[in-house]
Amino acid sequence: MGCVQSFRELCDRQKNTNVRISLPAVCIVWQTAMIILFGIFIRYNEESDPHWIEYRKEQNISSDIENDFYFRYPSFQDVHVMIFVGFGFLMTFLKRYSFGAVGFNFLIAAFGLQWALLMQGWFHSLDYNDGKIKIGIENMINADFCVAGCLIAFGAVLGKVSAVQLLVMTLFGVTLFAVEEYIILDLIHAKDAGGSMVIHTFGGYYGLSVSWMLYRPNLNQSSRLQGSVYHSDVFAMIGTLFLWMFWPSFNSAITDHGDGQHRAAMNTYLALASTVLTTVAISSLFQKHGKLDMVHIQNSTLAGGVAVGTAAEFMLMPYGSLIVGFICGIISTLGYVYLTPFMEKHLKIQDTCGIHNLHAMPGVIGGIVGAITAAAATTSVYGAEGLINTFDFEGEFKDRVPTVQGGHQAAALCVAICFGVGGGILVGCILRLPIWGDPADDSCFDDEHYWELPDEEETIPPIIQYNSHMRNKDIVESNFSMEQTSR
Amino acid sequence: MGCVQSFRELCDRQKNTNVRISLPAVCIVWQTAMIILFGIFIRYNEESDPHWIEYRKEQNISSDIENDFYFRYPSFQDVHVMIFVGFGFLMTFLKRYSFGAVGFNFLIAAFGLQWALLMQGWFHSLDYNDGKIKIGIENMINADFCVAGCLIAFGAVLGKVSAVQLLVMTLFGVTLFAVEEYIILDLIHAKDAGGSMVIHTFGGYYGLSVSWMLYRPNLNQSSRLQGSVYHSDVFAMIGTLFLWMFWPSFNSAITDHGDGQHRAAMNTYLALASTVLTTVAISSLFQKHGKLDMVHIQNSTLAGGVAVGTAAEFMLMPYGSLIVGFICGIISTLGYVYLTPFMEKHLKIQDTCGIHNLHAMPGVIGGIVGAITAAAATTSVYGAEGLINTFDFEGEFKDRVPTVQGGHQAAALCVAICFGVGGGILVGCILRLPIWGDPADDSCFDDEHYWELPDEEETIPPIIQYNSHMRNKDIVESNFSMEQTSR
Amino acid sequence: MGCVQSFRELCDRQKNTNVRISLPAVCIVWQTAMIILFGIFIRYNEESDPHWIEYRKEQNISSDIENDFYFRYPSFQDVHVMIFVGFGFLMTFLKRYSFGAVGFNFLIAAFGLQWALLMQGWFHSLDYNDGKIKIGIENMINADFCVAGCLIAFGAVLGKVSAVQLLVMTLFGVTLFAVEEYIILDLIHAKDAGGSMVIHTFGGYYGLSVSWMLYRPNLNQSSRLQGSVYHSDVFAMIGTLFLWMFWPSFNSAITDHGDGQHRAAMNTYLALASTVLTTVAISSLFQKHGKLDMVHIQNSTLAGGVAVGTAAEFMLMPYGSLIVGFICGIISTLGYVYLTPFMEKHLKIQDTCGIHNLHAMPGVIGGIVGAITAAAATTSVYGAEGLINTFDFEGEFKDRVPTVQGGHQAAALCVAICFGVGGGILVGCILRLPIWGDPADDSCFDDEHYWELPDEEETIPPIIQYNSHMRNKDIVESNFSMEQTSR
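Residue numbers (the numbering used here), protein chains in the order written: chain A, 8 to 494; chain B, 8 to 494; chain C, 8 to 494.
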């Protein structure tokens with residue numbers, strides 16, 4: 008008890024945002040470690056190695072265009088944009104945390120993808136002949152996916168943590184992700200093309216649990232900075248739109264060549280379109296005069312993409328995609344209206360970006376939709392070969408039937424939730440240590456503490472016409488001195 | 008006469024921007040209708056269905072890479088970016104209408120593409136065996152194209168209509184588009200790869216006619232909000248550049264595999280490059296001190312892409328593309344200088360974004376260029392097979408010769424204009440009904456009426472150094488009180 | 008001596024930024040020249056010509072998908088985005104030069120690519136049968152690459168030159184580039200897939216030399232405008248991220264089909280990830296309290312992509328890519344901290360964007376890395392065919408061995424530096440003529456002189472609640488008058 012007490016005290020001592028030693032140290036040490044580990048483990052696979060030309064002849068592949076690169080590179084680039092511009096700009100909505108949003112997002116994504124290549128490589132791409140991980144385009148996509156999980160979690164703690172904490176959170180997040188993904192995709196043999204469970208459910212609950220552990224009772228001291236300004240909301244729309252537009256690529260990036268990618272892209276496209284309409288409807292319905300709320304438009308419009316992630320490559324049917332999108336737009340928007348304030352007040356979960364509404368809940372819905380769609384699969388709809396192809400009923404799983412697959416999908420969803428919650432609590436515990444340079448409660452959501460900010464001089468005042476030597480700052484200062492004297 | 012009189016009065020009564028019932032109702036009802044119609048009509052086509060693997064073997068297709076998805080998906084994603092980021096951000100230039108520009112664009116595009124899949128599907132992709140519409144990647148591109156026509160029209164009425172009006176305008180716009188497209192492409196058998204006629208001419212005149220019907224004599228009451236601010240112009244450049252860069256994908260997205268797509272992309276690339284130089288030249292020539300006008304740079308630089316739309320896949324030749332771009336840059340910029348003010352003053356057409364200069368006129372030029380290029384086609388230039396391929400002189404059109412094709416191209420242009428003007432007048436009439444929640448004349452171009460706006464506090468003043476508890480608002484307030492007392 | 012004296016005087020006379028005659032004249036004349044030259048010289052190549060279908064059969068190409076268009080178009084579009092949005096927005100960081108950054112970037116890129124198609128075409132794509140240049144997708148990528156060299160140079164002189172000067176600089180830059188490229192790639196037969204030498208080293212030193220020739224001793228008169236504001240830094244991050252994300256496409260765009268493109272993309276992806284971490288480390292280490300500097304994040308994070316340009320398609324190995332990125336992040340950031348101020352003070356080189364740290368130095372490193380990697384190539388690593396393929400040891404170069412190739416790579420680097428420095432001095436000399444409309448020393452970094460700017464009214468003040476008829480301007484004005492009277 009005394010131990011817990013002193014841990015509490017330790018955690019609650021005066022905050023110091025100076026990361027001049029810790030941040031460079033962590034970056035350099037980790038990057039060095041990455042170089043060593045890559046040197047030991049990572050090699051090109053047969054499609055990115057100069058022996059490809061010989062491999063092609065051996066395998067009787069007729070043309071270079073059948074290199075997996077050409078099947079997946081356009082999707083990879085779209086996913087890459089989602090990770091860096093999509094997630095980065097989506098979080099720029101805060102009035103004074105745009106640098107942190109886009110900059111820290113950049114940092115942790117660049118770090119996370121290297122660690123993900125290793126972790127996922129050990130589980131999925133290890134060549135047992137020489138003990139090397141052989142990587143190609145699909146590994147790059149998967150690394151980006153893995154990072155997405157951590158960026159989702161970042162959304163919950165946005166503005167309340169330091170870059171060092173984010174790096175720690177990403178290191179553990181990627182590790183947990185790789186294990187969870189191995190259990191879900193390989194052991195349980197669930198399918199999760201767009202990662203509703205693996206990425207969104209896990210990432211969502213991971214972030215929420217971390218945020219719960221880092222609960223700040225006095226966060227309202229920063230409330231003046233917790234809103235947006237006009238242009239920061241427009242910046243955030245850049246993130247929203249790039250996520251929205253490229254989500255079909257996200258959900259189809261690692262599905263089967265041919266009809267698999269084709270169908271996954273279409274289902275996602277339709278689900279997202281449907282979500283936009285119901286988001287607008289609910290947003291308008293719950294505001295005075297039917298005005299729209301930018302928070303909903305920026306976030307809830309994306310929920311449909313999350314929720315068709317698992318089932319995107321299944322025969323969800325076009326109308327099924329619309330229905331999923333329809334429901335998610337409503338639930339996600341209602342989440343922003345009712346659930347987020349409730350969670351903050353009663354559950355002590357402070358969720359800056361509302362990832363519960365955008366990722367966690369839609370991810371769970373996606374898992375359920377996936378389980379139902381898988382369980383309902385029939386040979387008449389998929390064709391005999393199509394069914395085997397779509398669900399990989401091959402090798403040790405060749406006798407599995409769709410209903411059993413449905414059960415396994417549901418089990419996978421539980422695994423994702425458990426890993427998210429459990430991992431988040433564990434990591435949150437670590438992040439409460441007072442060594443990470445996180446800001447005090449009245450300094451949250453403020454770039455000031457981690458970034459060299461330009462002088463404020465957004466507007467050059469019209470007074471410049473009268474006396475060009477006199478500048479904005481002088482005016483305000485002289486006003487101030489006037490006030491002082493007049494008091 | 009009395010009837011017209013009372014209709015006038017009805018239309019001119021007090022405006023009410025409350026859309027709290029109408030907007031949610033329209034969104035939910037329409038989205039529900041979409042789900043039902045998709046359930047009845049829309050299915051995957053053979054390339055996005057799991058039976059693809061069997062179809063492939065039947066058709067003797069050697070590899071999955073020959074699925075149409077791989078020919079068109081990169082272009083589709085580029086077109087998608089143009090629709091949502093391109094059109095959306097291009098319209099953010101107004102100082103207080105960025106939310107409306109990008110948000111309403113998002114809404115109507117997401118709605119329109121669903122309805123377009125149905126409308127275009129009935130005309131083009133209906134499988135007469137089972138009465139179902141079979142969709143694939145090409146349908147998604149065509150749906151985006153169809154939506155583009157409506158977004159162009161949105162440009163003319165930007166800031167002067169409500170979201171509900173935009174939805175109505177899109178519903179009718181998509182419907183008209185599909186009919187017009189069917190007449191032009193199927194009945195007349197004109198070619199229009201980049202949609203100079205089908206998309207731009209139609210969309211342009213549709214928007215202008217609607218705007219003419221919705222003429223507001225007292226719009227100058229909103230003139231304080233009709234300009235841009237520095238950063239809103241930079242946001243608009245995001246839209247401009249994404250449109251400009253991806254226009255080669257737009258014009259080549261649904262052209263023939265192989266040389267067709269290749270040539271269309273190159274012609275568009277060249278035409279657009281040329282347009283930039285003449286736009287700069289004319290913009291500089293018509294301003295004091297040779298200064299450039301952002302309105303021209305944002306808009307007229309795109310005119311070349313519109314004008315090579317029809318002829319992009321023909322043998323326009325590289326220099327031909329440059330010439331088309333050259334001319335359009337000049338005409339479009341002159342349109343902004345002379346024509347837009349003239350149209351507002353004398354024709355009562357208020358064209359917020361100047362779509363007449365960016366879409367309508369260049370679209371007509373594109374139709375004419377297409378007709379001439381088609382009429383001039385010869386076997387020596389195209390090759391016998393090339394000529395048949397390029398113009399689809401097959402089936403019932405196998406005896407058509409290039410000169411006849413040229414005539415039909417010209418006829419198609421007339422159809423596009425008629426549908427645009429006629430449809431616009433009809434729809435404008437409907438939109439004058441006083442039930443749609445449009446803003447009063449002094450409330451145009453203002454997000455205030457349809458969006459929850461963040462508090463104004465863009466700049467945190469330097470005074471914060473002296474006394475961090477004193478905030479911007481306090482300063483201005485105390486200044487204000489001082490002034491009051493000192494008067 | 009008197010001649011030099013009078014040239015000096017000529018150059019130093021009163022500046023006049025009126026370009027109303029010169030800018031339109033240059034644009035129209037050059038665009039007309041382009042049309043004539045394109046008419047004489049440029050034709051479609053066999054893959055973009057309607058005879059493709061016959062060519063395909065002759066060459067026994069099994070499918071349209073093997074048209075080079077499908078190998079390269081997605082990369083082309085990514086490169087296109089880097090040129091227009093990437094470079095354009097990267098330079099928007101200045102508080103009052105965003106229009107110039109993105110607008111002039113647009114203008115010179117659109118002009119440069121036409122001239123590049125001709126210049127590069129004469130050297131590389133001339134069909135000696137008919138004296139025509141035959142162009143296709145690869146030419147478009149190369150034209151964009153060539154323009155990149157000039158846009159890099161633009162970075163050094165950003166804010167200090169007129170649009171006319173930029174056009175002149177681009178005309179000469181493209182010409183020099185094409186000659187230098189011909190020497191390096193054809194005569195020396197060096198490999199430079201991502202253009203570390205050809206593009207970045209050349210472009211960097213070209214820009215720095217021009218800037219040295221245009222040295223402005225009194226540039227501090229514009230120092231009030233030489234910084235950023237909060238939102239301009241966020242705009243610049245758009246440029247940074249699109250450059251960063253699409254750099255894998257840049258370095259792989261014109262490499263060999265198959266493993267070449269695959270490997271180049273992966274190496275670049277890894278190098279860039281590594282650079283981000285070391286950039287953050289060094290940036291934090293050199294600031295008070297460990298704060299990050301946006302200048303470093305915006306620029307140095309990209310250095311790794313530059314430095315793997317030459318070796319991207321070689322067997323650099325994944326860990327090798329990380330090492331290159333690691334080193335470049337450090338060197339580039341240190342460059343911003345120490346070298347840029349040193350160069351300005353002691354070498355009279357004013358480098359607005361710090362292109363020496365982002366392009367010139369990393370480009371040289373890239374050239375060295377390329378030379379070492381090439382010299383170390385062995386048959387055991389590449390395979391016999393792989394080695395020949397990767398280094399094109401064919402035709403007259405079939406007997407060249409890797410060590411000799413390494414020496415030639417180093418020679419190529421020297422050529423790039425010489426062309427950059429020499430060309431820059433020459434062109435700088437021309438640009439000092441007082442006929443180009445460049446701004447005076449106290450008018451640099453200001454859009455005011457070349458753009459019609461919107462009225463300043465970024466913020467509608469909170470006072471609006473009290474008295475909506477009183478506007479921002481009035482307040483400041485009345486404050487001003489009060490001060491005047493109170494003095």
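None of these hints come from the bench; they were simulated from the model. Ideal Cβ placement from N, Cα and C applies to all residues, glycine included. Keep in mind that the hints are not guaranteed to be accurate.
Below, computed lysine-lysine pairings styled on BS3-like, alpha-carbon distance capped at 30 Å [what the hints assert, rightly or not]:
| id | chain 1 | residue 1 | chain 2 | residue 2 |
| --- | --- | --- | --- | --- |
| 1 | A | K355 | A | K22 |
| 2 | B | K352 | B | K22 |
| 3 | C | K22 | C | K295 |
| 4 | A | K352 | A | K139 |
| 5 | C | K22 | A | K64 |
| 6 | B | K139 | B | K355 |
| 7 | A | K141 | A | K405 |
| 8 | B | K64 | B | K139 |
| 9 | C | K352 | C | K139 |
| 10 | A | K64 | B | K64 |
| 11 | A | K22 | A | K352 |
| 12 | C | K22 | C | K141 |
| 13 | B | K139 | B | K22 |
| 14 | A | K405 | A | K355 |
| 15 | A | K64 | A | K22 |
| 16 | A | K139 | A | K64 |
| 17 | C | K355 | C | K295 |
| 18 | C | K295 | A | K22 |
| 19 | C | K352 | C | K295 |
| 20 | B | K22 | A | K295 |
| 21 | B | K64 | C | K64 |
| 22 | A | K64 | C | K295 |
| 23 | C | K405 | C | K141 |
| 24 | A | K64 | A | K141 |
| 25 | C | K22 | B | K405 |
| 26 | B | K295 | C | K64 |
| 27 | B | K64 | A | K405 |
Here are a few chain A residues that face chain B, going by a calculated C-beta distance under 10 Å [what the hints assert, rightly or not]:
| id | residue |
| --- | --- |
| 28 | I190 |
| 29 | H264 |
| 30 | Y276 |
| 31 | L329 |
| 32 | V408 |
| 33 | V411 |
Hints and how they fare:
no.	hint	result
1	A/K355 with A/K22	holds, 21 Å
2	B/K352 with B/K22	holds, 24 Å
3	C/K22 with C/K295	violated, 40 Å
4	A/K352 with A/K139	violated, 50 Å
5	C/K22 with A/K64	violated, 67 Å
6	B/K139 with B/K355	violated, 45 Å
7	A/K141 with A/K405	holds, 27 Å
8	B/K64 with B/K139	holds, 24 Å
9	C/K352 with C/K139	violated, 50 Å
10	A/K64 with B/K64	holds, 22 Å
11	A/K22 with A/K352	holds, 24 Å
12	C/K22 with C/K141	violated, 44 Å
13	B/K139 with B/K22	violated, 44 Å
14	A/K405 with A/K355	violated, 47 Å
15	A/K64 with A/K22	violated, 63 Å
16	A/K139 with A/K64	holds, 24 Å
17	C/K355 with C/K295	holds, 28 Å
18	C/K295 with A/K22	holds, 17 Å
19	C/K352 with C/K295	holds, 23 Å
20	B/K22 with A/K295	holds, 17 Å
21	B/K64 with C/K64	holds, 22 Å
22	A/K64 with C/K295	violated, 59 Å
23	C/K405 with C/K141	holds, 27 Å
24	A/K64 with A/K141	holds, 20 Å
25	C/K22 with B/K405	violated, 66 Å
26	B/K295 with C/K64	violated, 59 Å
27	B/K64 with A/K405	holds, 23 Å
28	I190	violated, 27 Å
29	H264	holds, 4 Å
30	Y276	holds, 6 Å
31	L329	holds, 5 Å
32	V408	violated, 16 Å
33	V411	violated, 19 Å
Checked against the numbered hints listed earlier, the structure breaks hints 3, 4, 5, 6, 9, 12, 13, 14, 15, 22, 25, 26, 28, 32, 33; every other hint is satisfied.
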